[in-house]
Amino acid sequence: MDLVIRNGNIIDGSGLPSYLGDIAINDGRIVKVGNVADTGTTEIDAQGKVVSPGFIDPHTHFDAQLLWDGAAKPAIEHGVTTIVPGNCSLSLAPLKADHRMKLVGMFNQIEEMPFKAFEEGVVWDWESFEEFITRIKKDLTINVAPLVGHSVLRLWVMGNESMHRTATEQETQAMQALLKECLDAGAIGLSTSFVDMDETLQPVPSRYADAAELDALCAVLGQHNRILQVVHEFYDNDITVARIDQLADISRKHKITTTLSPLFVNNDNFAGVDQAIARVVEQNEAGARVWPQVQTRPIDISFTFSVPSLLFIRLRTWYAVMRFGTPETIMAAFSDEEQRKQLVAEASNMMGLWQRLILRQVKTEANQQYVGKNLAEIAELRGTDALNVMIDLSLEEDLDAHFLSADMGHNNDDKVGSLLRHPHVMIGASDGGAHILSFSTYGDTGYLFSRFVRENHSMSIEEAVKKITSDTADIWAIPQRGLLKSGYVADVTIFDADLIDRGPEYYVQDVPGDGHRYVRDSAGVETVIIGGAVAYTQQGGYTDERRGEIVGGRA
Amino acid sequence: MNTVRKSIFPSAQDTWESIAARELSSSSTEEGIANLQSWNLHVFARPPAPAESPRAGNPILPSDILFIEPPLV
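As they're listed, the protein sequences go chains A and B. Under my numbering, the residues of the first sequence are numbered 3 to 557, in order. Under my numbering, the residues of the second sequence are numbered 19 to 91, in order.
These are calculated hints, taken from the structure and not from any lab test. Hints are supplied without guarantee of correctness; some may be wrong.
[Said to hold, decoys possible] Derived BS3-like pairs: lysine-lysine, alpha-carbon spacing no greater than 30 angstroms straight-line:
#1 A:Lys140 <-> B:Lys24
#2 B:Lys24 <-> A:Lys255
#3 B:Lys24 <-> A:Lys417
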């Protein structure tokens with residue numbers, strides 16, 4: 003035996019109660035679960051720890067990061083062994099050389115991936131999906147189940163016209179052929195977006211597709227038994243219900259699984275999410291397969307004025323200043339009396355939000371005294387209002403003042419907990435690897451156990467494990483993963499049920515091009531095994547093992 | 019199935035006017051347009067396509083969902 007895990011509290015991913023036992027692994031596969039008499043070349047004592055299948059994260063944007071970090075750090079240390087990148091109509095392939103900068107712009111706008119990260123972290127040596135897969139496979143620690151993006155298919159076939167109009171019949175057929183090629187090369191499905199904007203604040207190409215084009219592409223998914231992911235108008239309940247109906251029709255017609263993300267709990271309107279879930283249940287009972295994704299963490303957004311923030315997307319003047327400005331022009335706008343007046347006027351009816359913002363980080367010694375206080379408190383100390391304090395501090399810090407808007411929603415634990423446990427809900431929507439300058443998208447798995455298993459008792463630990471392992475594998479048709487079962491691929495997470503959690507959010511400079519991002523460390527995850535090899539231990543960190551695979555789904 | 023708010027997918031060339039004429043034919047075009055816009059603020063409030071676009075001035079996208087009745091009580 004290559005590896006034997008002994009005396010663990012085995013939670014096998016099926017939802018059945020845990021039991022004490024051993025797991026034997028050989029040639030990357032689980033060969034026995036129960037009492038193992040054979041000795042392993044490597045032995046791990048898991049006494050007092052949970053041994054579970056590796057977690058699967060079904061909504062990520064690690065596409066770019068995989069080009070310089072095949073472990074998608076820090077996903078693995080949170081127990082995640084398989085990720086799904088390419089969501090929301092955006093993948094990095096197929097991509098003609100002429101369109102690279104367009105896609106970089108979209109990733110920058112939608113996922114906040116800095117331009118410099120692409121400049122310094124990416125060698126552009128692929129065009130086709132197959133070439134991209136070959137490229138990332140060279141150094142893969144984590145398993146990857148990649149979606150292909152609808153916007154990218156349109157860009158390849160229609161060029162710049164993809165950003166202006168519907169496709170002709172011929173172009174639709176070309177997209178169908180291209181999608182088939184991507185699925186054959188390992189794509190697990192197709193993603194599309196009904197909401198995203200590009201770097202010029204115009205709709206992304208997928209939004210110019212009519213229902214017939216999407217239907218034609220889903221016919222190809224049906225032939226391959228692959229999934230459709232959409233990001234929908236999650237801020238509007240009636241549209242969400244209408245999208246659920248649209249996905250249900252597509253699902254029944256083409257016999258495919260569909261998933262929409264994210265579905266949030268609006269604290270002012272619980273009835274909204276109840277109505278959406280009721281519609282999902284109704285449609286699924288009528289033969290559809292529609293899976294809303296719900297994230298575990300509440301919504302927190304951090305920002306500086308040096309990059310465009312989601313928080314300002316509905317404040318057109320502010321967002322335009324941030325989106326199209328340089329640090330110098332943003333500082334100039336804040337300093338100019340007239341422009342400042344205009345900005346303050348536009349945002350003054352949201353004073354409650356600005357007052358609650360917390361100053362989380364500054365670089366000057368003079369302003370350290372304010373760190374940790376909210377802007378209402380700082381405003382009182384300075385004799386002004388919160389909005390002007392936000393501008394003043396940003397000027398004093400050369401835009402390097404970091405503000406946190408905490409608990410913006412999706413934070414009613416009882417409601418979120420009941421949703422996470424719901425049999426028609428998939429736990430997901432982490433957005434791992436995206437929005438790196440707004441919040442940490444890592445640690446949702448630990449938070450599931452700490453908040454919704456240990457503290458709130460929303461579900462048992464066995465249910466929680468099932469939700470993020472075998473349920474996800476079943477929905478996405480990921481073969482031979484998600485269970486601790488003889489013959490299955492040995493993706494295993496060993497954790498302390500009393501300690502597993504997400505650590506505090508912090509700002510770190512580890513993105514190519516001297517870029518920063520918000521991350522969280524894990525707590526209580528002791529060992530992560532991918533493809534039968536130890537990929538991470540709490541004691542020793544990441545190993546040199548590279549057993550990650552492309553997981554393309556089963557036909 | 020429970021009743022949900024009625025909606026349509028616009029065709030590629032649809033405008034407020036063409037949808038009002040087709041879907042709300044019992045109202046005047048002006049009234050139909052005004053109703054459509056008030057029921058679909060997510061589209062109405064969107065900046066229209068830029069002048070150089072073939073859809074110049076039209077905020078409706080082919081992938082949109084448009085409601086053709088007010089919110090259900």
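*asked:* Of all the hints numbered above, which does this structure not satisfy? Sort the numbers upward.
replied: Hint 1 is the one this structure does not satisfy, whereas the remaining hints hold.
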